[in-house]
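Each chain is listed here by its residues.
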Amino acid sequence: MMSSPRNQAAVALVLAAALFGYAAVQARRTHAENQAAYDAWVRTGVAPPAPPAVSGATLAVQERL
Amino acid sequence: MDNTDRRGLGLLGWLVVWLGCAHAVSGALGLRWVQEVEWPTDLLAIGEIERAARVDVAIVGSSRSHYGLAPSAIDACLGHALGRPTVTIAANRLAASSYAADLVARGLFSGERAPRVLVVEVAPESLNGHHFELDYNVGATAELEDVPECLAAAAHGPLRAGACLRPFTRGVENLAFFLHRPLTEHAHITWMARYAGGGQYCFGTPGCEARNAQYDARHAGRWQTRVERVLPKVRRERFVDYHIEGGLPGAHLEALLARAKADGVRVLVLNLPVSAAYQAEVPEAAYETFLAWTAPAAARHGATFVDLNVPEWQARDLYVDPDHLDAGGAERMSAAVCERLVGWLR
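Chain order of the listed sequences is A and B.
FYI, our numbering numbers position 46 of the first sequence as 46, with every residue one higher than the one before it.
FYI, our numbering numbers position 141 of the second sequence as 141, with every residue one higher than the one before it.
Hints listed in this document are in silico derivations from the structure and should not be mistaken for laboratory results.
Careful, some of the hints might be misleading.
[Stated by the list, open to error] According to the in silico footprint, chain A covers these stretches of chain B (three or more CB under 8 Å from chain A):
hint, region
1, 44-54
2, 174-180
3, 187-196
4, 199-207
5, 211-218
The beta carbon of each residue, even a glycine, is placed where N, CA and C say it ideally should be.
Produce the entire structure from the sequences given, and follow the hints as far as they go.
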């Protein structure tokens with residue numbers, strides 16, 4: 001049982017570190033995807049993929065505004 | 001102090017440590033511009049993509065400049081006139097006052113990241129010291145360094161002090177919003193940030209033209225809906241206690257202009273048009289105050305104020321709703337703005 005304050009603090013730190021680590025991986029992936037897409041388009045000069053349709057989620061947001 | 005006091009203080013101490021760590025981690029991971037409402041701009045992508053060349057034109061403002069100014073159309077026009085490719089990007093925020101526009105410009109378009117030209121959309125609402133979404137503006141954009149100014153303003157105005165404290169919790173919020181990945185539901189917004197410099201409409205490819213047409217077609221009823229739901233509230237929501245002097249938005253437009261001047265950036269302060277139906281709801285006295293304040297303020301800092309809210313731009317057929325241009329209006333407006341920028345970029 002992790003009843004002592006020291007154990008509770010250790011568990012909290014481990015959970016926080018895991019969360020921050022996961023966020024770091026996701027942030028790096030997002031950045032890489034954005035930059036790679038832009039670089040490929042600029043470097044090759046080839047037209048980018050067709051723009052996605054405006055999603056229902058966005059339309060729902062806009063209707064509320 | 002008994003054990004309960006000590007335990008309570010201990011919990012508060014952990015909370016402060018947690019908020020501080022989340023703030024630091026969020027900043028270090030580049031998540032400053034994650035937003036709870038993604039529309040209209042994927043500011044995370046706009047902010048983190050390193051462009052192939054120095055940004056020629058950066059646009060900051062609200063949904064009006066999001067609809068009305070298309071970076072891809074401006075670049076096509078500038079490229080044709082200048083004989084070189086140009087880079088235009090837009091970083092507009094929802095319901096942005098000049099307070100939010102300044103903080104976005106400060107974060108994304110200043111210092112080493114300064115563009116050649118900064119286009120700042122203004123409107124009478126955006127400069128109202130009693131801005132109808134000032135709490136949201138502050139909560140979504142203020143940094144820790146802005147808290148003292150914000151609290152001072154809250155002591156004398158309608159701003160809630162709680163909004164001023166949001167920078168302390170933004171790290172946690174941004175981590176949560178980022179990991180929830182709401183942007184995956186808004187792929188077109190990220191697409192616009194990657195390939196079109198942001199904005200609502202893009203031009204120059206059949207895919208863009210088709211999507212523009214699809215978007216406007218799906219919003220065919222938006223004009224009438226907004227006439228019924230928004231216009232009746234314009235006066236009582238957006239022009240309450242109208243004043244610019246002494247308000248945060250006005251002060252931050254001046255701060256933006258001063259910083260741009262120090263960075264060597266030319267600034268176009270742009271009053272975008274609204275339809276005649278919307279303009280009829282704008283109190284004349286407020287509008288006169290807005291014009292009388294903005295043009296001299298721009299001039300004081302060496303910026304250029306351009307007023308395009310004139311009858312020739314107010315016809316119904318240019319708009320998707322009473323205060324936002326449609327694709328056709330955006331294409332024309334982008335060309336008009338381009339013409340004014342060509343000389344600055346030669």
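Hint-by-hint comparison with the structure:
Counting residues of the region 44-54 of chain B whose CB falls under 8 Å from any CB of chain A gives 7; the rule of at least 3 is met. For a cut-off of 8 Å, the count of residues in the region 174-180 of chain B with a CB near a CB of chain A stands at 3, and the three-residue condition holds. For the region 187-196 of chain B, the proposed coverage by chain A is satisfied: 10 residues have a C-beta within less than 8 Å of a C-beta in that chain, meeting the threshold of three. Only when three residues or more bring their CB closer than 8 Å to a CB of chain A does the claim for the region 199-207 of chain B stand; here the count is 3, and the claim holds.
Counting residues of the region 211-218 of chain B whose beta-carbon sits less than 8 Å from any beta-carbon of chain A gives 4, enough to reach three: the coverage restraint holds.
Comparing the model with each numbered hint stated earlier shows that all of them hold.
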